[in-house]
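Here the protein sequences line up with chains A and B, keeping their order. With the first letter of the first sequence counted as 1, position 193 gets the number 193 in the numbering used here; the numbers rise by one all the way through. Numbers in the numbering used here are just positions in the second sequence, counted from 1, shifted up by 289.
These are calculated hints, taken from the structure and not from any lab test. Some hints could be false.
Stated by the list, open to error - Simulated crosslink set (SDA-like; lysine to any residue; CA at most 20 angstroms straight-line): (1) B/K402 - A/T148; (2) A/K201 - B/S355; (3) A/K94 - A/D247; (4) A/K60 - A/T148; (5) A/K201 - B/R312; (6) B/K402 - A/A35; (7) A/K201 - B/G406; (8) B/K402 - A/E198; (9) A/K201 - B/V404; (10) A/K60 - A/L37; (11) B/K402 - B/L336; (12) A/K136 - A/A157; (13) A/K201 - B/Q366; (14) B/K402 - B/S452; (15) B/K402 - B/G453; (16) B/K527 - B/L336; (17) A/K201 - B/K527; (18) B/K402 - A/I197; (19) B/K402 - B/G479; (20) A/K201 - B/R359; (21) A/K201 - B/K402; (22) A/K201 - B/S452; (23) A/K136 - A/V146; (24) B/K527 - B/I387; (25) A/K94 - A/F113; (26) A/K136 - A/K94; (27) A/K201 - B/E365.
Unchecked claim - Facing chain B, from chain A, some residues (calculated, C-beta under 10 angstroms): (28) R9; (29) S13; (30) R16; (31) L20; (32) F23; (33) D120; (34) P123; (35) E128; (36) S129; (37) I172; (38) R187; (39) L188; (40) L190.
Using N, Cα and C, we set each Cβ at its ideal position, and we do this for glycine too.
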Amino acid sequence: MTTAARALRGGRSDWRLHALSVFSLAVAFVCLASALLVVVNLQAVEARWARAGRASIYLKDGVADDDVAALRRALAQTPGVSGTRYLSQADARKDVLGDGVAGALAALPPEAFPASVELDFTPELGDESIATLVAKLRSVPSVESVETYQRWTERLAALLRGGVAASAVLAIVVFAAVVSVVASTMRLALQRRRREIEVLKLVGATDAYVRGPFVLEGAMEGVLGAIAALLLLGLLFSIVRGRFDADLAMLIGMAPVFLPWPFALGLTALGAMLGAIAALAGVRRFAAV
Amino acid sequence: MAASLFRPLLRGGPRFDDAAARRPILTFEAVYKAYRADQPVLRGMSLVVERGEFVFVTGPSGAGKSTLLRLLYRAEQVDDGRILFLGRDIARLTDGSIPFLRRNMGIVFQDFKLVAGWTVYENVAVSLEVLGLPSRLVRTRVGEALERVGLAGRGPDRAEVLSGGEQQRVAIARAIVGEPAILLADEPTGNLDPQLAIDILGLFEEIHEAGTTVLFSTHDRTLLEVRPRRVVVLDEGKAIDVPQGLAVPGIRMAS
């Protein structure tokens, strides 16, 4: 009988114990996978904003059309600027509120939606050139302010670093939880299968032969825990995205994404590895086989 | 590591040792064993068992019958002295060698030591599966072993539904299926009624007639009188050899 067949037989005889263990592992892995999901999306948003290649020039109230036209002509001739678009106060209001003007936002005064010139940069334009251009634009009399979204990118980067750090801490907690749960399960399984182990030893089974199925059961628990966590998170993700997709897209400028395949596979492999190591440790330490 | 593993010397193959085949299968040389320093169980016990012998080991409770067998399959370690099995000193084996030592022995216990949730087949096959034999060969040999103990066709039954006598037959099948050099029986009839005990003894005798050395530990006097066999009486930590058995007039065992 192969190690896998023996593990399957052991798993069947203690299926309630293993099911409980897989559930506990799934809860732990959901925490880690959620943190990873947030990090992945933050990373995507940061990348999206970092390569936005655009800026908004907010104009003072009452700027003459001629001044706007002169500014756009000057910008069109500036190296690194690939396009300009004028957004009047009415356009800006319509952009934010949409066609159905209603609610508290509709009561905002016209000054809350300043006219602007939207700039597109060529990808080759470096940060220094953009900073020089922005400084020049800020000195133009008709310009109120210039937004390059650099601060957003920096904030997102800081948020991303925080997310990665939080995920790392969470990963350590999850490691500890997985090791603890699997080792405890294996200790219980060993207690329940003490006679089986005794018989195996009496008929000349080596330690590796005795431990094999337990290690495999631990690995399988880890895998099933990780898969269950991914399925649960995927379900929650699809529900949230179905309801708030448009709002999230408007808020962060992109549709949220689920964990990519390499992450999901990595999480499953991590579950297998941790499960096997924890089972081996549990069997070695508590059964001395 | 591999060099220190126990190797049977009496079997065929490149490691066959012709000289070992002529030596006794089992030799106890001045063996001491104590669980408490002031109460030694075995005190310089010596004993020689030749290949193919059937030996009863008897004595009162606490005389050391089970200890003697446990020393043989290395569940216990001697405090002093030597135990030579198939030419190798058991006391000097490394932990890694113990499984290979046990593969040359069949062991039967009073409480059967079957896995209740397994089938009869699985309980017997385990002895061959640890050797890594192909499943087809395992099936054939388990079938033969079950037939020898009178349980042909009972392979799919769960061990827990069998009677005590049947469970002991399964345990005996498990012990002999690997064709061990020696069969160790530790009070194998202790949980059985007198008639079943005699039946089981008969089974051991059949196995012995096929060439297996048997060391049969019992405190049941009636079994010793069934047939005249060599009896080793353990008393005060030493072995008293009675080659013709206790049925010989004038021999009386302490109770």
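May I ask which of the numbered hints given earlier this structure violates, with the numbers listed in increasing order? 1, 5, 6, 10, 11, 12, 17, 22, 24, 26, 30, 31, 32, 33, 34, 35, 36, 37, 38, 39 and 40
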